[in-house]
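Participant: The chain contents come next:
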Amino acid sequence: MKTFKIGGIHPEENKLAKEQSVEIFPIPKQVTVFLTQHLGAPSVPQVQKGDKVKVGQLIGKAEAFICANVHSPVSGTVAKIEPVADFLGYKKDAVVIDVEGDEWAEGIDTSSELKKDITLTKQEIIDRMKACGIVGLGGACFPTHVKYMVPPDKQVDYLLINAAECEPYITVDYRMMLERADEVMVGIEAMLIASGAPVAMIGVEANKPDAIAHLTKVAANYKNIQVVELKTKYPQGAEKQLIKALTGRSVPNGKLPIEVGCIVNNIATAFAIYEAVQKNKPIIETFTTVSGKSLKNLKNYRVRIGTCINDILNAVGVPEDTGKIISGGPMMGKAISNLNAFTVKGMSSLLLMTEKESKRGEVYECLRCGKCVHACPMGLEPYMLHAFTDLQRYEDCEKYGIMNCIECGSCSFGCPSNRPILDMIRVGKNKTGAMIRARK
Amino acid sequence: MTPTVTTILYAALVIGAIGMIAAVILYFVSKAFKVIEDPRIDEVAEHLPGANCGGCGFAGCRALAEAIVKANTLDGYKCPAGGDMKAIAAVMGLEAAETEPMVAVVRCNGSCENAPAKVKYDSALSCQFATSIYAGESACPFGCLGCGDCVKACKFDAIHIDDTTGLPVVDEEKCVGCGACAKTCPRKVIEIRLKGKLGRRVFVSCVNKEKGAAARKNCSAACIGCGKCAKTCPFEAITVENNLAYIDFTKCKSCRKCVAECPTGAIHAVNFPPKKEAPAAPAEKPAAPAETSTPASEQ
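Top line first, the protein sequences correspond to chains A and B.
Going by this note's numbering, the first sequence wraps up at 440, each residue one higher than the last.
Going by this note's numbering, the second sequence wraps up at 299, each residue one higher than the last.
Please keep in mind that the hints were generated in silico from the structure rather than gathered at the bench.
Given the structure is predicted, the values throughout are model-derived calculations rather than measurements.
Derived pair list, reagent style DSBU-like, types lysine-lysine, alpha-carbon separation capped at 30 Å:
1. A:Lys431 to B:Lys183
2. B:Lys118 to A:Lys293
3. B:Lys118 to A:Lys80
4. B:Lys228 to A:Lys80
5. A:Lys356 to B:Lys120
6. A:Lys334 to B:Lys188
7. A:Lys296 to B:Lys118
8. A:Lys91 to B:Lys217
9. B:Lys120 to A:Lys334
10. B:Lys183 to A:Lys440
11. B:Lys231 to B:Lys251
Could you build the full structure based on these sequences and the hints that come with them?
Facilitator: And the structure:
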């Protein structure tokens, strides 16, 4: 079975919500749509207070190179445009819309019927990705159209679709594979046209056999799409690890996947591209797993962007012993410190950790046991990077490859001394990055 | 002579000859490559504290000494950490400029009482890291995070976290105003201000730039940018920008009118005698601190 070669860990899978089919979360009375929901510069607001908007109407325009359009997820009136605290508590510009009805903008196909034939050309597909505000829905939210602007001297050999879903608890990609396989395949076809790649490979972890079987059945109709079973190992879905597992190629340090002729996208992005290309529908919803060990009401929701996180939590009922609520998976997600924040593109999970589960153990001295070195999928020495950051020796951090860290958290996961290794490495990476930029 | 004696004699002669030749070579080499170091560098360095805190802007005390001797002036070179600048001036044959002592000031009122915690932080004890993952326990995105990066940065053991308030407290006796804590604070809560006569000084103890209501929501003693202090100030020392008042310590005459005016109590006056003596004080005060503030503005 294919996998990446070095490091990796086996956390408890806890795919608790895998049996719950995707439900549509009711449209709230008011939504707050952040103008920065992606990696890069904020989008520029296109509406004013008092304007009437329709579902799918452009409200934030991408003017910088690395930036994505933002669309109205509801129809109604713009109540205000002001800085609103996001789930970390920091204020970001947002458009607040009072919802009235559910009226869609013109030109968007709202029917649920499958549209198979792609009529757009390569450039038209890329333009459509940009117009519809498509970003990588695997978590990083990198504007997708930028990935497809391949430099003229490079060629794309493989289009890789990440359906590994290696983060514990999250099940939205799994549900998508079972429920939306046809749409995903058409999306991948469009991505093949856009990238010019001859073949697409979908990588799925072996712990989802029914998804693999279903995808393989559907993919049989498409001659250049293969479904590949991958070993269940975290972080199988990380970009560089996925490329290594599927193609055997290694992305050089500090380079992008295009260097080895690959483009990697998440399966949720493939579905969003299907909707954009075939239905002209921008990203106005996010697929979110609501899960947790003591949560009875496990859900996979399809939520309008801008819905208050608290509303979703109230709908499922927060168990009393909840210690921490996390946006994203338990390995790479961030703890939510402001529950009155709002859903954004790529918010793939709301994880309710129990008090017991979320508690960090007492921190002891490093034993030099080497568990973190063994676990690191990038072949780094996390305990050294931790020590160098502590000593503020950022030159040494750079020498020991801190910039290659993908922040997967495998090092902290197994540490018998409960050391906050990843936390410190993130600080060190930040400082070292600033040092390198200052040098230029 | 026996062969053994000859061997010893030869060996002694050969070693002696090599020694002589080496000595002659070394003599000429040392003449040719002589490094002339200004003896004043050592003398200047002797008057510096040797803590290598970096507060002067150089890598360490000796680097500052070298820079002073090379520049042959004291303009722009100053040890903030208690180096004897007068003695250095004497070594250099220059005149030392009068300098006013500076001190680190923590400009945050977000104590556990004023800004109650809404969430509990349990990650790495590093402000640098904490600021990257959340706004703070009280949800104020500008205030002190209380993880103690400043405590770690201080080379003089002059700043400590107070357990009851959760805020850092500066030990004025020990603080030399080198600015290491201000530099390390990711929120820029700490400012290096003029110590003031008898340590008396007035400052806005808040750096929150949010609008009044938003700031007050998280902290009862936040600056709400109302501008009352700026209107009251007879010396135009207070400016309000981005919903935040700032007292320019070079203009402030420590009259304390703003302190009484502030509706949230965000302006602090420290080291003043108890309030009852206040009526007598203003008469002499405008004159007295004026002396202290003039040289500072010249620097």
